[in-house]
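Enquirer: Protein chains in written order, with this note's numbering: chain D, 11 to 146; chain R, 11 to 146.
No lab work stands behind these hints, which were simulated from the structure alone.
Check the hints yourself; a few may be wrong.
As the list makes no split between identical chains, a pair holds if one copy fits it or if it spans any two.
What the hints assert, rightly or not - In silico lysine-lysine, DSBU-like type, Cα no more than 30 Å apart, as pairs: (1) Lys119 to Lys79; (2) Lys130 to Lys43; (3) Lys66 to Lys120; (4) Lys58 to Lys133; (5) Lys130 to Lys69; (6) Lys138 to Lys119; (7) Lys119 to Lys69; (8) Lys98 to Lys69; (9) Lys120 to Lys79; (10) Lys69 to Lys120; (11) Lys46 to Lys118; (12) Lys69 to Lys118; (13) Lys54 to Lys120; (14) Lys69 to Lys12; (15) Lys98 to Lys133; (16) Lys82 to Lys58; (17) Lys133 to Lys118; (18) Lys66 to Lys118; (19) Lys98 to Lys119.
2 protein chains.
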Amino acid sequence: MKLITRDTSYALHAICYLAKENDRIISVDELVKELKVPRAFIRKVLQKLNKKGILKSYKGAHGGFSLNKKAKSVYLLDIMQVFQGPFKLNECVFKKKACPELKKCRLKKKLDNIEDYIIKELKEISLKKMISSKKL
Amino acid sequence: MKLITRDTSYALHAICYLAKENDRIISVDELVKELKVPRAFIRKVLQKLNKKGILKSYKGAHGGFSLNKKAKSVYLLDIMQVFQGPFKLNECVFKKKACPELKKCRLKKKLDNIEDYIIKELKEISLKKMISSKKL
DNA sequence: GACAAATGATACTAATATGGTATCATTTAT
DNA sequence: ATAAATGATACCATATTAGTATCATTTGTC
Chain D
11 MKLITRDTSY
21 ALHAICYLAK
31 ENDRIISVDE
41 LVKELKVPRA
51 FIRKVLQKLN
61 KKGILKSYKG
71 AHGGFSLNKK
81 AKSVYLLDIM
91 QVFQGPFKLN
101 ECVFKKKACP
111 ELKKCRLKKK
121 LDNIEDYIIK
131 ELKEISLKKM
141 ISSKKL
Chain R
11 MKLITRDTSY
21 ALHAICYLAK
31 ENDRIISVDE
41 LVKELKVPRA
51 FIRKVLQKLN
61 KKGILKSYKG
71 AHGGFSLNKK
81 AKSVYLLDIM
91 QVFQGPFKLN
101 ECVFKKKACP
111 ELKKCRLKKK
121 LDNIEDYIIK
131 ELKEISLKKM
141 ISSKKL
């Protein structure tokens, strides 16, 4: 029951590295050396982030990637959703016949509240906060 | 990215039904008819709940299952953890070499806080609350 | 222009988790 | 004794996650 998958994790590592290097164009080779992640995997991850507009890519010789946004306006939730899809913690458990005396799905309501809280929190964690030395 | 899996969901349905029937012994057959869930699957689910002490089982003819605890002392979190293992939202994303300037894994800290909150909330949802007509 | 160095696109494989089925052994009320 | 129930377990199908490989395209440099 994990919240963050491997690809999201690799993405975070890579993006943090890029963010700290400002607008320098950084190749996959450099990232692989620095972060010690599988080359083919991280390439896919970076391409996806590029398509989503979070990174910018430069093709050809001396190509690579750089951040396409301000570090303060990229949020953990955004990155997670690139790889893990929309954040949906529950699909109404009590639909259909079960627990039929329940007029409304009250459990779902409660779970939705929890979900809202998580989303709110994850939206508050910006890349800037992640790489700064200040407290989150 | 769902919080509640199918087996947990079936378990919740079954447990709610048992709870509403108080200490009556209820067979798999009855549960299957009532809840319209796959027989073999729900059997496995019930056996697991029995092993964990949440249900009590009665073997032989006229056997079946009943709740082994007070409805107010069975919590959603317990049931989830039977099927989905310990609730761990993150396995330190920033371990190893990555983001090396971070002295301590501060992201993990933040995620841990979120996790703590979720656990607290899920612990507050008792079976009693689930089957009562009052607000959660 | 030729070539090498880079990403883009995409197809494939392997491992694990999830959802579900089937079977035989054991227990127990009648 | 027998039938009705659960216990234990092995199995299968599908989806998701993790990872690999290959060829096409772009682009800087000589």
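Enquirer: Hint by hint, note whether the structure agrees.
Expert: Checked hints:
In this homomeric assembly, Lys119 and Lys79 come within 30 Å of each other (Cα to Cα) only across copies, at 25 Å, whereas the closest approach inside a single copy is 35 Å. Proximity of Lys130 to Lys43 under the C-alpha cut-off of 30 Å is found in neither arrangement, the shortest distances being 35 Å within a copy and 41 Å between copies. Taking the shortest alpha-carbon separations for Lys66 and Lys120, only the inter-copy value of 28 Å comes in at or below 30 Å, while the best intra-copy value is 40 Å. In the homo-oligomer, the alpha carbons of Lys58 and Lys133 lie at most 30 Å apart inside one protomer (20 Å), although the nearest pairing across protomers, at 37 Å, exceeds that limit.
For the identical chains of this complex, Lys130 and Lys69 are neighbours neither inside a copy (36 Å) nor across copies (49 Å), given an alpha-carbon limit of 30 Å. Proximity of Lys138 to Lys119 under the C-alpha cut-off of 30 Å is restricted to the inter-copy arrangement: shortest distance 16 Å between copies versus 33 Å within a copy. For the homomeric pair Lys119 and Lys69, neither the shortest alpha-carbon distance inside one copy (47 Å) nor that between copies (37 Å) is at most 30 Å. Taking CA atoms no more than 30 Å apart as the test, Lys98 paired with Lys69 passes in neither setting, with 35 Å inside one copy and 39 Å between copies.
Taking the closest pair of Cα atoms, Lys120 and Lys79 come within 30 Å of each other only across two copies (23 Å); inside a single copy the shortest separation is 35 Å, beyond that limit. Taking the shortest alpha-carbon separations for Lys69 and Lys120, neither the intra-copy value of 48 Å nor the inter-copy value of 36 Å comes in at or below 30 Å. Taking the closest pair of Cα atoms, Lys46 and Lys118 come within 30 Å of each other only across two copies (20 Å); inside a single copy the shortest separation is 41 Å, beyond that limit. Within a single copy, Lys69 and Lys118 get their C-alpha atoms no closer than 47 Å, and across copies no closer than 34 Å, so neither meets the 30 Å cut-off.
With identical chains, the CA atoms of Lys54 and Lys120 are at most 30 Å apart between copies only, with a shortest distance of 28 Å across copies and 37 Å within one. Taking the shortest alpha-carbon separations for Lys69 and Lys12, neither the intra-copy value of 35 Å nor the inter-copy value of 37 Å comes in at or below 30 Å. When the C-alpha separation of Lys98 and Lys133 is checked against a cutoff of 30 Å, the pair qualifies both within a copy, at 15 Å, and between copies, at 20 Å. In the homo-oligomer, the alpha carbons of Lys82 and Lys58 lie at most 30 Å apart inside one protomer (20 Å), although the nearest pairing across protomers, at 47 Å, exceeds that limit.
In the homo-oligomer, the alpha carbons of Lys133 and Lys118 lie at most 30 Å apart both inside one protomer (22 Å) and across protomers (15 Å), since each shortest distance falls under that limit. Within a single copy, Lys66 and Lys118 get their C-alpha atoms only as close as 39 Å, which misses the 30 Å cut-off; across copies the closest is 27 Å, which meets it. When the C-alpha separation of Lys98 and Lys119 is checked against a cutoff of 30 Å, the pair qualifies both within a copy, at 13 Å, and between copies, at 23 Å.
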